[in-house]
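2 protein chains.
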Amino acid sequence: MVIDKKSNTPLYIQVYENFRDKIEKKELKEGEKLPSIRSLAKKIDVNNITIVNAYKLLEQEGYVYSVKGSGTYVRKSNYDIDMPFVDGGDIELMAGGVIPLSKDSINFASVSPTPEIFPIEEFKQALMEVLDRDKGNAFLYPEINGYKPFRESISHFLQENYNMDVAIDQIQVISGGQQGLDIITKALISQGDCIFVENPTYSGAIAAFQSRGAKIIGIPMLKDGLDLEILHKHIKRYRPKFLYMMTNYQNPTTYSYSPEVKEEVIKLSRRHDFYIIEDDFLTDLNYDENKKEPLKSMDHMDQVIYIKSFSKIFMPGVRIGFMTVPKKLFKDIIKIKHTTDISSSGFLQRAFDLYLRKGYWKEHIENIKKVYTKKYNTMVRELERLKRYGVKLYKPNGGLSLWIKLPKDIDSIELYNECGENDVVIVPGKVFFIDDSIYSNYIRLSFGAVSEEEIKKGIEIIENCIRKRYKEEDNRFIPFV
Amino acid sequence: MVIDKKSNTPLYIQVYENFRDKIEKKELKEGEKLPSIRSLAKKIDVNNITIVNAYKLLEQEGYVYSVKGSGTYVRKSNYDIDMPFVDGGDIELMAGGVIPLSKDSINFASVSPTPEIFPIEEFKQALMEVLDRDKGNAFLYPEINGYKPFRESISHFLQENYNMDVAIDQIQVISGGQQGLDIITKALISQGDCIFVENPTYSGAIAAFQSRGAKIIGIPMLKDGLDLEILHKHIKRYRPKFLYMMTNYQNPTTYSYSPEVKEEVIKLSRRHDFYIIEDDFLTDLNYDENKKEPLKSMDHMDQVIYIKSFSKIFMPGVRIGFMTVPKKLFKDIIKIKHTTDISSSGFLQRAFDLYLRKGYWKEHIENIKKVYTKKYNTMVRELERLKRYGVKLYKPNGGLSLWIKLPKDIDSIELYNECGENDVVIVPGKVFFIDDSIYSNYIRLSFGAVSEEEIKKGIEIIENCIRKRYKEEDNRFIPFV
Chain X
166 MVIDKKSNTP LYIQVYENFR DKIEKKELKE GEKLPSIRSL AKKIDVNNIT
216 IVNAYKLLEQ EGYVYSVKGS GTYVRKSNYD IDMPFVDGGD IELMAGGVIP
266 LSKDSINFAS VSPTPEIFPI EEFKQALMEV LDRDKGNAFL YPEINGYKPF
316 RESISHFLQE NYNMDVAIDQ IQVISGGQQG LDIITKALIS QGDCIFVENP
366 TYSGAIAAFQ SRGAKIIGIP MLKDGLDLEI LHKHIKRYRP KFLYMMTNYQ
416 NPTTYSYSPE VKEEVIKLSR RHDFYIIEDD FLTDLNYDEN KKEPLKSMDH
466 MDQVIYIKSF SKIFMPGVRI GFMTVPKKLF KDIIKIKHTT DISSSGFLQR
516 AFDLYLRKGY WKEHIENIKK VYTKKYNTMV RELERLKRYG VKLYKPNGGL
566 SLWIKLPKDI DSIELYNECG ENDVVIVPGK VFFIDDSIYS NYIRLSFGAV
616 SEEEIKKGIE IIENCIRKRY KEEDNRFIPF V
Chain F
166 MVIDKKSNTP LYIQVYENFR DKIEKKELKE GEKLPSIRSL AKKIDVNNIT
216 IVNAYKLLEQ EGYVYSVKGS GTYVRKSNYD IDMPFVDGGD IELMAGGVIP
266 LSKDSINFAS VSPTPEIFPI EEFKQALMEV LDRDKGNAFL YPEINGYKPF
316 RESISHFLQE NYNMDVAIDQ IQVISGGQQG LDIITKALIS QGDCIFVENP
366 TYSGAIAAFQ SRGAKIIGIP MLKDGLDLEI LHKHIKRYRP KFLYMMTNYQ
416 NPTTYSYSPE VKEEVIKLSR RHDFYIIEDD FLTDLNYDEN KKEPLKSMDH
466 MDQVIYIKSF SKIFMPGVRI GFMTVPKKLF KDIIKIKHTT DISSSGFLQR
516 AFDLYLRKGY WKEHIENIKK VYTKKYNTMV RELERLKRYG VKLYKPNGGL
566 SLWIKLPKDI DSIELYNECG ENDVVIVPGK VFFIDDSIYS NYIRLSFGAV
616 SEEEIKKGIE IIENCIRKRY KEEDNRFIPF V
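Just so you know, the protein sequences line up as chains X and F, in that order. Under this note's numbering, residues 166 to 646 are what the first sequence spells out, in order. Under this note's numbering, residues 166 to 646 are what the second sequence spells out, in order.
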């Protein structure tokens, strides 16, 4: 280790950087032990306190963890930023710890659609028309809350698709759903505030809420929605600022709320005066006759902040979505949006507006539903085979993922690693749980980015990995019914 | 005041909301005194501490300020969101208090360019080519840090325009300069951290830094840069996390840093280990031979985080800019960008990339400089007349604004109001100062959004407003030289 005692950089920073680089270059691997404070201090001839501070910093930055009386060890690595590409789905995978995707790997991790189903022609036409119609005005700053005609289209869109009544003054255009979470975090969370989330849930939301020091409480997710008993208990105890939920085809469980649970949750939010953040990115993708509705449709007291993302049902790269804003919060949200990025691209807002006004939407949704229904059915058909190994499968009849429970004996991280070595990428359930020490035996398989052929080939590989373990553990293995 | 003691909303919140609404509805005006704690507590029959907490919250939220031994007073109002339109320039005006802009008012408040000078044809061509070349891929998620070929173009752009050496791995694409400030705030500021800003400075930056509870120290801005004496003193005292500065044609003073002051600031940041956030949005607009260079060009120790906005020199509605990231911060910034909005629009990144590769940039800058030089000269010529009323004018020979000092006797807010009544919108200097109690006699006149004719007409109106006051106060008025 090279330490420059003449440098302006404090010694403990230099020591910190030395270890950080070794860990990032994987010269020091997960679980490896760092030298003891005394021995290292002696070796490079510095004060013990220098090493103590360096190790402290490494721990703060999440590179190491210390075990009382034993020593300091290297943590599992953070996001690997050298991934070939990254999207809202894959980041969860990255957080999980990570084999980079190779070009020809089968990616069951991404919930994002693939370019073939993008309505490029229609959207291109809209883009062109906007340029011809608005000329340079298309590139001025739009209003902070969004280009007004676009907000009109959105209000109409909500009425038509979910019979939802939202005035254009209560619509805030955002640069994708994640920005909605960022803005809400800034508007509602101060250090130490309590908020509720479904457990398991979307890790990108957790990251946003944590960024302002929220105390995050997970409420177990059941097949018909949140566990109301536990919700009741925790509300009294924690007085949450808000509850974050995904009403339909929840991520990762794919469960949808029953009308009864929806009713109850809204009632509670009114009685105990907390907001509900409804993150809706899949409601439109039902593959049976049972069309889902957002919670917001039942909200008559302005309790629900509804965030709509188009990344999974339109095109991720457009980065345009919207949220509904309770009157009480409107002024705050405007200020926060301005401080966050002034406004979302006026050009793309105008194009999206025109796209909606031309009535392309309904047809587009029908098209992608056809494609996804086919993939969904193939997924389910192929996965049925795995039941014989004690694998449990929930059928949401919608959305872009399947949530699978493995027999207790099979650890999802091990399975994830073995699949990875065979160029099949799955998401171990662990990364979605608040308390990641439990629930080691779930996996999420998404079919947004895979073809029919890949589905068949990929699930066969997954099956082999499971069968192997099944054989190995034959004698003590009891498949459960 | 109506207080509901049965409600779930804590009493002090109810009191807070009562005052907040009165202040926002202007029922309580700037400078008005709030009732004393005791009298109010008695009147609505609550604890003193309830009122104390309510007043504290009002102060935190910027609605009031308290004067020791005297009482609590209403502050000047925050953003008024009922403005017909809003941009990065006008928001400062809004913060100032505010007459809405009418269609035919002459707007010296906006620093944004007008559509006539947007390179629409070339950019449209780039947009088209991207759609034909990349098809649906144009609308996939790009990498979090930005579409790689675009980062290559940026690296080349920096080399060519400012002989700045920045590797593509140290470039983070952002959705406009303001997002750069938001990301840095998240990366570097925790509650109570000290940061330095130029005084006066851009109010949008202050809003971002305050959003995470930074303690903001203003360093006076002199004609050749920061007041080094005071900077030295304050560094020892406050140990800042970073210094926020605009090296060339600073907003609002229009001053540019001398090479000497630049050198010294960089030295200090190295010696005392704080970052420099360089916000560059005008460097390219010099109207004499003296081409300016960013501070970043002199940075060999990775001390400077350089934020480049294209809103004022290209098109505001594109919402694409970039920042350079010190190696130490790279992983953090990536995570924060992802949590903020996943990534900036891949489509616009690809189009901007192509636009740069086709070499349109140089010609574009030459074009807008021609237009702006003409406006700048007209501004200066017309404003020369005002000297006879004791008005002092600084000539930056670049940028998009002029910073004007009125005689002490003329208050900028009064002048701003009177001009407003005559459909001329100026920005009172007050809104740029950290301590808004002083410096009442500066105004900023920007010429981004006004035509030659409007400049002449507008300045005549301003002159009349000043002359009137000059006449009125004839006898006691001594114009200073």
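Just so you know, not all the hints are guaranteed correct.
Note that identical chains are pooled: a pair holds if it fits in a single copy or bridges any two copies.
Said to hold, decoys possible - Lysine-lysine pairs mimicking DSS-like chemistry, simulated, CA-CA at most 30 Å apart: (1) Lys-557 <-> Lys-496; (2) Lys-289 <-> Lys-313; (3) Lys-523 <-> Lys-208; (4) Lys-557 <-> Lys-456; (5) Lys-621 <-> Lys-457; (6) Lys-170 <-> Lys-573.
Quick caveat, the hints were computed from the structure, so don't treat them as lab data. Please read these numbers as outputs of a predicted model, since none were measured by experiment.
Status of the hints after comparison with the structure:
1. Lys-557 <-> Lys-496: Result: close neither inside a copy nor across copies, 48 Å intra and 38 Å inter.
2. Lys-289 <-> Lys-313: both (21 Å within a copy, 23 Å between copies)
3. Lys-523 <-> Lys-208: Close neither inside one copy (72 Å) nor across copies (56 Å); limit 30 Å.
4. Lys-557 <-> Lys-456: within (25 Å within a copy, 68 Å between copies)
5. Lys-621 <-> Lys-457: Within one copy only: 29 Å inside, 61 Å across.
6. Lys-170 <-> Lys-573: The answer is neither: 51 Å in one copy and 52 Å across copies each exceed 30 Å.
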